[in-house]
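So the protein sequences, as listed, match chains W and X.
The first sequence maps to residues 1 to 102 in the working numbering.
The second sequence maps to residues 1 to 184 in the working numbering.
For the record, the hints were derived by calculation from the structure and aren't laboratory data.
Please note that a few of the clues may not be correct.
Claimed, not checked - Computed spacing ranges between beta-carbons, pair by pair:
1. W:88 to X:56: 36 to 42 angstroms
2. X:69 to W:31: 53 to 59 angstroms
3. W:57 to X:2: 32 to 38 angstroms
4. W:22 to X:47: 24 to 30 angstroms
5. X:59 to W:33: 45 to 51 angstroms
6. X:68 to W:102: 41 to 47 angstroms
7. X:91 to W:67: 24 to 30 angstroms
8. X:68 to W:100: 36 to 42 angstroms
9. W:12 to X:68: 14 to 20 angstroms
10. X:103 to W:100: 24 to 30 angstroms
11. X:107 to W:67: 26 to 32 angstroms
As the list claims (entries may be wrong) - In silico PhoX-like cross-links for lysine-lysine, where the CA-CA straight-line distance does not exceed 20 angstroms:
12. X:91 to W:51
13. X:32 to W:46
14. W:85 to W:38
Unchecked claim - Quick partial rundown of chain X residues pointing at chain W, CB under 7 angstroms, derived from the structure:
15. 20
16. 22
17. 32
18. 72
Note that this is a predicted model, so its numbers are computed, not measured.
Backbone N, C-alpha and C fix where the C-beta goes; we use that ideal spot for every residue, glycine too.
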Amino acid sequence: MTFASRRTNIPPAGDDDDGIVRNILTRDGYTRVEGLAKVGDVAVYKNDDGKIEHTGIVCRTETVGAQPVVWIWSTWGGLGEFEHKSGVSPYNGEPEYWRLNL
Amino acid sequence: MSEPLVTQEHLADAAFDLLTSSGIERYVRMAKRAAIRAELRERALRDEIDAVQMFTRSVELWSGLALLSSRGESETELAILITALSTVGPKELVDVLLMALAIEQRPSLAWIAALARKLRSERLVTVDSAVSAPVGACYAPRVIAVCVTANSSSPAGPRTSSFGEDLTIACDARDEPHHIPMAA
């Protein structure tokens with residue numbers, strides 16, 4: 001969903017996330033966001049070994065008190081698409097954010 | 001269709017973990033975690049279930065999934081079973097099963113096929129390591145046999161190894177029908 005607008009699975013079923021997603025981020029010129037995430041940024045979840053195992057798109061941001069809250073839209077494997085807070089998902093903790101610089 | 005070998009509670013947890021995986025590395029990790037939680041290895045070692053039962057159930061689930069056009073709920077139990085079998089099952093049986101699953105091309109079995117390929121490659125590495133190990137349990141009977149042959153010129157006396165160890169018990173045990181232990 002993140003990179004192919006639902007036209008196909010990236011990675012294909014049964015393949016690994018890390019290689020192909022890392023390749024897309026590099027070749028398409030994404031850069032890591034150090035500050036606050038913005039709508040349209042790619043959220044990248046990594047496992048404890050630092051390998052990419054899930055991605056999503058930042059669909060909205062809000063502030064609760066002084067705390068920024070980032071909402072992600074992503075496909076949870078075969079379960080379907082979910083909108084969720086960045087830290088509330090089956091994946092590992094908080095994601096990194098990557099931005100396409102056009 | 002036989003009874004499930006994994007409880008509904010474990011299946012529910014595992015289904016969520018497996019179905020939310022978008023890459024094979026996470027899928028394999030979740031399958032291993034689910035197999036540990038289901039305690040299939042421990043149950044097999046306690047003889048509550050046996051590898052043939054797990055194998056038979058796996059083939060049933062595989063046949064059922066093969067009829068579907070997309071992923072089905074029995075994928076979860078099949079993933080757990082083959083993951084457990086890869087650690088406790090008899091080598092020949094497991095190798096045949098994993099190899100057959102690994103070349104499956106039906107969409108309903110895409111993830112199971114990928115899991116089987118990963119498990120199979122891990123087993124190949126493990127077997128290679130075991131073979132290259134200088135001292136292994138599988139070599140023990142041959143070592144004993146060589147030592148006994150060396151001492152066979154004195155049949156009436158106690159059988160001893162070249163290091164002077166008493167081999168009588170070991171040799172007697174070797175002559176008995178023996179259970180082939182499951183892979184470590």
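20 angstroms Cα cutoff - pair residue 91 of chain X, residue 51 of chain W: At roughly 31 angstroms apart (the allowed maximum being 20 angstroms), residue 51 of chain W and residue 91 of chain X break the hint.
Do the numbers back the hint for residue 72 of chain X, that is, is its least Cβ distance to chain W under 7 angstroms? violated, 10 angstroms
Taking 7 angstroms as the limit, does the beta-carbon of residue 20 of chain X come near enough to a beta-carbon in chain W? holds, 4 angstroms
Hint check for residue 67 of chain W and residue 107 of chain X - Cβ pair distance inside 26 to 32 angstroms: Roughly 43 angstroms apart at Cβ, these two residues miss the hinted range, so it is violated.
For residue 59 of chain X and residue 33 of chain W, compare the CB-CB distance with the range 45 to 51 angstroms and indicate the outcome. holds, 49 angstroms
Quickly compare the C-alpha distance for residue 32 of chain X and residue 46 of chain W to 20 angstroms and report which way the hint goes. holds, 19 angstroms
For the restraint on residue 32 of chain X, tell me whether the closest CB of chain W is nearer than 7 angstroms. violated, 14 angstroms
Could you see if the CB distance from residue 88 of chain W to residue 56 of chain X stays within 36 to 42 angstroms? holds, 41 angstroms
May I ask you to test the hint 41 to 47 angstroms on the CB atoms belonging to residue 68 of chain X and residue 102 of chain W? 43 angstroms Cβ-Cβ, so the 41 to 47 angstroms window holds.
Is the hinted range of 24 to 30 angstroms satisfied by the C-beta distance from residue 91 of chain X to residue 67 of chain W? This hint is violated: roughly 55 angstroms between Cβ atoms.
32 to 38 angstroms as the expected CB spacing between residue 2 of chain X and residue 57 of chain W, which holds or is violated: Given range 32 to 38 angstroms: violated, Cβ gap about 44 angstroms.
Given the hint of 53 to 59 angstroms, is the C-beta distance from residue 69 of chain X to residue 31 of chain W inside that range or not? violated, 41 angstroms
Violated hints, in rising order: 2, 3, 4, 7, 10, 11, 12, 17 and 18; the structure is consistent with all others.
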